[in-house]
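Chains as they are written, first to last, in UniProt numbering: chain A, 1 to 306; chain B, 1 to 310.
It is worth saying that the hints were derived from the structure and are not from the lab. As the structure is a computational prediction, the values presented were derived from the model and not from experiment. Glycine included, every Cβ here is placed at the ideal spot set by N, Cα and C. One or more hints might be untrue.
[As the list claims (entries may be wrong)] Taking CB as the label site, the calculated pair distances span:
id	chain 1	residue 1	chain 2	residue 2	range
1	B	D296	A	M263	29 to 37 Å
2	A	I129	B	D86	32 to 40 Å
3	B	P283	A	G268	26 to 34 Å
4	A	D74	B	K130	14 to 22 Å
5	B	A151	A	Q201	52 to 60 Å
6	A	V141	B	D206	37 to 45 Å
7	A	D74	B	D296	35 to 43 Å
8	B	E290	A	G268	29 to 37 Å
9	B	D127	A	A136	39 to 47 Å
10	B	T89	A	L125	43 to 51 Å
11	B	D206	A	A136	36 to 44 Å
12	B	A263	A	D74	30 to 38 Å
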Amino acid sequence: MKKIAYKDNKISKRSEFPEKLFHGIFLVCALASVLSVIAIILFVFSKGLKPFFGDDAYSFLKFITGMKWDPGNDIYGVFYMIAGSVLATLGAIVLGVPIGLLTAVFIAEIAPKKLVAIIKPAIELLAGIPSVIYGAFGLGVIVPAINKISPTGQGESLLAVICVLTIMILPTIISLSESSIRAVPKSYREASLGLGASKTQTIFKAVIPAARSGILTATVLGIGRAIGETMAVMMIAGNNIGGLPKSIFSKIRPLTTNIAMEMGYASGKHQDMLFATGVILFVFIMVINITLIKLTSRLGSQGSSS
Amino acid sequence: MKRMKKILITLLTIALIGALGGCSSNSNSETNTDVTPTTEPTAEATKAPEATTEPTEAAETDGDLSGTISITGSTSVEKILMDMIDEFTALNPDVNINYTGTGSSAGIADTLAGSNDIGASSRELKDEEKVDGLKQVIFAYDGIAVAVNPANTVTDITLEDLVKIYSGEITNWNQVGGSDANIVVVSREGASGTRGAFEELIKLEDAGGLVEDATVLEGNGNVQQSVAGNANAIGYVSFSFIDETVKALTVGGVEPTAENAKAGTYSLSRPFIFASMEATQTPVAKAFLEFAVSEDGQGFVEDHGGIRVD
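Kindly produce the complete structure, drawing on both the sequences and the hints.
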């Protein structure tokens with residue numbers, strides 16, 4: 001009854017059009033990101049898969065297992081870049097996660113308020129610094145320092161990349177871990193302390209396990225940031241044209257750097273091969289994101305059931 | 001609801017006016033500043049529509065040049081080219097020249113694809129790039145200097161040793177008369193004209209190509225900076241980039257100077273080329289190419305460490 005009466009109302013009829021208009025605007029906004037992703041996927045994959053088909057096809061196996069990148073001589077191999085990207089990311093995670101997690105615990109559980117007021121803005125600032133500044137810092141401070149101890153006589157190396165990436169992923173890991181630690185209900189701590197556990201025991205046995213889904217999310221996002229980082233890494237990686245890294249003093253050429261360095265210059269098949277590198281990177285990022293979704297949903301359900 | 005509508009309409013109108021106004025005033029100021037730089041911006045904007053058509057008509061009847069040239073390609077030619085562009089546009093105020101440093105290979109590819117007027121290259125054309133109708137103008141020669149850190153005791157290098165260093169056969173400075181330290185080989189990214197020319201000049205391909213462990217940097221400036229910062233590094237840069245932060249080696253006893261490169265005694269030199277498609281060449285592009293090899297244009301070549309063609 002009321003509904004019908006409302007429909008007959010003149011004012012509501014007049015408001016129907018703006019209602020629909022706004023509905024449309026919202027829909028377009030919501031679809032914008034979806035459309036962007038689809039457009040990017042179509043573009044990158046169509047360009048990146050082109051060199052592997054047709055008369056003049058380059059063997060995909062040779063591309064993916066190749067140990068040398070020399071476009072001038074028609075040699076395109078990215079395996080050593082994949083290895084470099086993965087090793088650099090792994091190194092950054094191994095160093096960054098413990099440091100970040102302990103910092104988060106310190107901020108959320110231990111530090112006095114006055115100290116938190118200094119540390120938190122500092123971390124937020126660290127997240128806001130543009131990546132090229134990290135690169136400049138790496139080139140000016142870390143590379144010369146490594147140069148002094150490196151047997152290769154040069155500071156640009158896997159180690160330099162790991163150092164800079166570790167600093168770059170810290171803000172992500174700290175802020176996400178901290179908020180998930182803060183989200184752990186107070187009753188958990190009270191129960192643990194009530195059972196006679198010390199503060200340290202409470203943190204490591206009760207709080208961190210309860211916050212593990214957030215901490216894992218932080219780690220996976222850290223991996224995403226580390227593997228996708230381009231500008232800073234390009235300045236300090238050395239970008240050698242081939243060969244697997246043999247030690248942490250070896251030069252590497254991450255996938256991102258390969259694209260950034262040569263895209264402006266490349267044309268024809270060379271350019272398509274850079275897009276193919278982008279496809280590999282894309283697949284990596286997608287795998288990481290799917291892992292993230294799976295992990296958080298599984299851990300989330302585990303957390304609620306236990 | 002009514003109020004919202006009103007607000008929406010007002011916002012849209014403002015946005016539209018802003019966009020249209022922004023566009024027109026932009027194009028006006030661009031086309032007009034050259035002609036009447038002293039007039040007030042507001043006055044300029046209002047009388048713009050007639051003003052934009054006038055100079056072009058006048059120019060056509062006078063036989064003066066007007067139009068736009070887009071140049072893409074080599075970054076090594078940038079310093080020389082910028083001066084040429086400044087002078088040419090000063091002489092012909094109605095000509096607009098855009099230059100983008102995309103690298104020699106990309107510049108030539110753009111010319112072949114018809115997406116620029118002139119492609120600049122710092123290496124000779126490859127066989128597959130030599131197609132019918134492509135006109136090339138050599139407007140300068142350039143030397144490639146072998147740069148080391150000023151702290152390095154080595155002052156001369158033979159071509160043979162240079163090839164061995166870049167192919168990885170020689171890895172220690174003491175093998176070429178220096179101190180006992182690893183050689184850090186610095187090269188350029190693929191598709192760089194300087195790299196292409198350098199590798200061709202020292203015949204690196206026959207020696208097995210660039211050593212895998214070489215550091216690869218983008219641009220002449222980065223190589224220069226890297227060599228300046230590392231006592232054991234060796235790199236190669238265009239003559240126009242050499243300054244006191246690095247030391248240019250003599251190659252086989254020959255000083256890396258423009259005179260020596262022109263005389264042919266310095267072995268690491270290459271031509272700078274403008275490439276354009278003859279069929280689609282505009283009169284203004286043709287005029288610029290003629291200007292580049294004229295006395296004026298060659299003066300700028302010399303000013304930036306390049307070598308004149310005549």
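Within 37 to 45 Å: is that where the Cβ-Cβ distance between V141/A and D206/B falls? 41 Å, holds
For the hint 30 to 38 Å, verify it against the beta carbon of A263/B and that of D74/A. 36 Å, holds
Outcome for the supplied range 26 to 34 Å, where the beta carbon pair is P283/B and G268/A: Because 30 Å falls inside the window, the suggested range holds.
Could one say that the CB atoms of D296/B and M263/A fall in the range 29 to 37 Å? 36 Å, holds
Does the beta carbon distance between D74/A and D296/B stay inside 35 to 43 Å, or does it fall outside? 41 Å, holds
Range first: 32 to 40 Å. Now tell me if the beta carbons of I129/A and D86/B are that far apart. This hint holds: roughly 37 Å between Cβ atoms.
Starting from the hint 14 to 22 Å, judge whether the C-beta atoms of D74/A and K130/B obey it. For D74/A and K130/B the Cβ distance comes to about 19 Å; the hint holds.
Holds or violated: the 29 to 37 Å window for the beta-carbon distance between E290/B and G268/A? 31 Å, holds
Supplied distance hint 52 to 60 Å, evaluated on CB atoms of A151/B and Q201/A: 57 Å, holds
Between D127/B and A136/A, does the beta-carbon spacing fit 39 to 47 Å? 42 Å, holds
Okay, D206/B versus A136/A on CB: inside 36 to 44 Å? 39 Å, holds
Honestly, do T89/B and L125/A meet the 43 to 51 Å range at C-beta? 44 Å, holds
In terms of the numbered hints stated before, the structure departs from none.
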